[in-house]
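Student: Sequence:
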Amino acid sequence: MRAIIEPPPEAGTPLAPLWKRLGWFVGLAVSSALTTAAVAYLLKALLR
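In the working numbering, the protein residues as written are 1 to 48.
Please keep in mind that the hints were generated in silico from the structure rather than gathered at the bench. Check the hints yourself; a few may be wrong.
Said to hold, decoys possible - If you anchor each label on the Cβ, the simulated ranges turn out as follows:
id : residue 1 : residue 2 : range
1  : L15       : V39       : 29 to 35 angstroms
2  : A38       : P7        : 31 to 37 angstroms
3  : A11       : L47       : 49 to 55 angstroms
4  : P14       : L46       : 32 to 38 angstroms
5  : Y41       : G12       : 45 to 51 angstroms
6  : L46       : E6        : 35 to 41 angstroms
7  : R21       : L43       : 29 to 35 angstroms
8  : V39       : P9        : 41 to 47 angstroms
9  : P9        : V30       : 24 to 30 angstroms
Cβ coordinates follow ideal geometry from the N, Cα and C atoms, glycine included.
Produce the complete structure using the sequences and hints provided.
Tutor: Okay, structure coming up:
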């Protein structure tokens with residue numbers, strides 16, 4: 001069975017390309033902001 005949680009990379013392993021790391025960062029930041037806004041509007045609608 002494949003491990004669900006992968007161990008940390010070895011010491012000599014090269015990093016992923018910068019564009020890929022930045023893409024993950026931007027994607028997570030935008031999705032978390034949208035989720036927070038959606039929850040805020042939902043709570044605001046429930047309180048009215």
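Student: So, for every hint listed, does it hold in this structure?
Tutor: Here is what the structure says about each hint:
1. At about 34 angstroms, the beta-carbon gap between L15 and V39 stays in the expected band of 29 to 35 angstroms.
2. The hinted window of 31 to 37 angstroms between A38 and P7 holds, with their beta carbons roughly 35 angstroms apart.
3. In this structure the supplied range 49 to 55 angstroms holds for A11 paired with L47, their Cβ-Cβ distance being about 52 angstroms.
4. Taking the beta carbon of each, P14 and L46 are about 49 angstroms apart, not inside 32 to 38 angstroms as hinted.
5. Roughly 48 angstroms separates the CB atoms of Y41 and G12, a value that falls within the hinted 45 to 51 angstroms.
6. For the pair L46 and E6, the supplied restraint of 35 to 41 angstroms holds, since their beta-carbon distance comes to about 40 angstroms.
7. A hinted range of 29 to 35 angstroms for the beta carbons of R21 and L43 is consistent with their spacing of about 33 angstroms.
8. Judged by the Cβ atoms, the range 41 to 47 angstroms given for V39 and P9 is violated: they are separated by roughly 34 angstroms.
9. Checked against the given bound of 24 to 30 angstroms, the beta carbons of P9 and V30, roughly 26 angstroms apart, stay inside it.
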